[in-house]
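Asks: Sequence:
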Amino acid sequence: MYKSCLYVLSFCFTLLIVSSSIVSGAGDAALDNEETALLKKESILSNMRLANEYFMDKWPNPGEDTVTDRRRPSNIWTRGTYYEGLMALYRIEPEESQSQQYYDYAVEWGESHDWGMWGGTKTRNADNQCCGQTYIELYQIKPEPERIAKIKKSIDRMVSSEKIDDWNWIDAIQMAMPVFAKLGVVCGDDKYFGRMYEMYSYTRNKHGDSGLYNPEHGLWWRDKDFDPPYTTPNGKNCYWSRGNGWVYAALARVLDVLPENAPHRNEYIKDFKDMSKAIKEVQREDGFWDVSLHDPEHFGGRELSGTAFFVYGMAWGINNGLLEPADYMPAAIKGWVAMTEHALHTDGFLGYVQSTGKQPSDGQPVKYDKKPNFEDYALGAFLLAGSEIYRLAE
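Here the sequence shown stands for residues -25 to -1, 1 to 369, where the numbers follow mature numbering (1 follows the signal peptide of the UniProt record, and there is no 0).
These are calculated hints, taken from the structure and not from any lab test. Note that the structure is a prediction, hence the values are computed from the model and not measured. Heads up, a few of these hints could be off.
[To be verified] Beta-carbon label-pair distances, calculated as ranges:
| # | residue 1 | residue 2 | range |
| --- | --- | --- | --- |
| 1 | PRO69 | SER135 | 37 to 45 Å |
| 2 | ASN180 | LYS15 | 39 to 47 Å |
| 3 | ASN209 | PRO340 | 16 to 24 Å |
| 4 | TYR205 | VAL160 | 36 to 44 Å |
| 5 | THR321 | LYS15 | 12 to 20 Å |
Note that CB positions come from ideal geometry on N, CA and C, so glycine has one too.
Work the whole structure out from these sequences, hints included.
Replies: This is the structure in structure tokens:
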């Protein structure tokens, strides 16, 4: 209770600072009265509901395939990420009728896929396992064994094998790492934590030439094709915004459930804090982040999906005592205001979303009124961010 009161005071004080244009490291633009109103609990929740209702109205059948350039099932990573955000909205929703609607929508989705993954239980592909995060959360609400039987079987196959190099692109860390952590908690078995660490460490320290993480900069290359000697056209390291957002969100989601005494927890915390510092330093003045974090001239401009993950991670870090409010709350607030003021349409559509890809040049140009090939993953990130900003405002 005492800590909560301190955060409320800090939140209010930060609003005064940001509104007075004294914020350092998060841009010089002040918040006007309309923007400050966006940070009230009611406004935060209202904007989350608006964006979510747009999507649920568009997809009344949660099991329906997504058809863009080709047909894809709705239990792959894009939709799995959305449901991570929906469950975050469910947990803060004060209206019982609303929260029940979110729960029912998620359960219908799981049931429509028979609580399974694309590729079946033999899949080792993290993109296919992402749905398991929500399956496990729904199991924790109502422990029906069929809700986790298939994702558990898939992960058990990986735990029992000797192969640990599956996560050869950093997006995979977010898709699957929290599944291992959640299963470790639900099953009370440290074997999931152990294999999770082995796979994370391999991606961090060995994939590519010498790992996909650069401790010097606190950021990640997307895969082996982008580590040195590869550079952007301007000779900079290519740190893709959403790719780093995937890792940042994964660390927050893992730490959120990982027991305090779990081995390697402090290593995850260090990476999370180092990433937080690196991410904060490259925030744009308007509150967004560029798609290329160290090269703002390489397809520079507003982009929502990476921004949402960064806001989520920072706000989560503040709420859980890992990040100092005075250092990170201004950046988190600026990011949230940027998204709700400049990317959220009046009908709930989210603009400035980069389509699926693996680098800054993919899905360009990114525009306010351009629809990405998938609308679900960015919404999931937005809802995750909003849920933690909402807690800051409590």
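Asks: Hint by hint, note whether the structure agrees.
Replies: Evaluation of the provided hints:
Take PRO69 and SER135: their Cβ atoms lie about 43 Å apart, and the range 37 to 45 Å holds. The hinted window of 39 to 47 Å between ASN180 and LYS15 holds, with their beta carbons roughly 44 Å apart. One distance hint, 16 to 24 Å for the beta-carbon pair ASN209 and PRO340, holds here, with the actual separation near 18 Å. For the hinted restraint 36 to 44 Å between TYR205 and VAL160, the CB-CB distance of approximately 38 Å keeps it satisfied.
Between THR321 and LYS15 the beta carbons are some 18 Å apart, a value that agrees with the proposed interval 12 to 20 Å.
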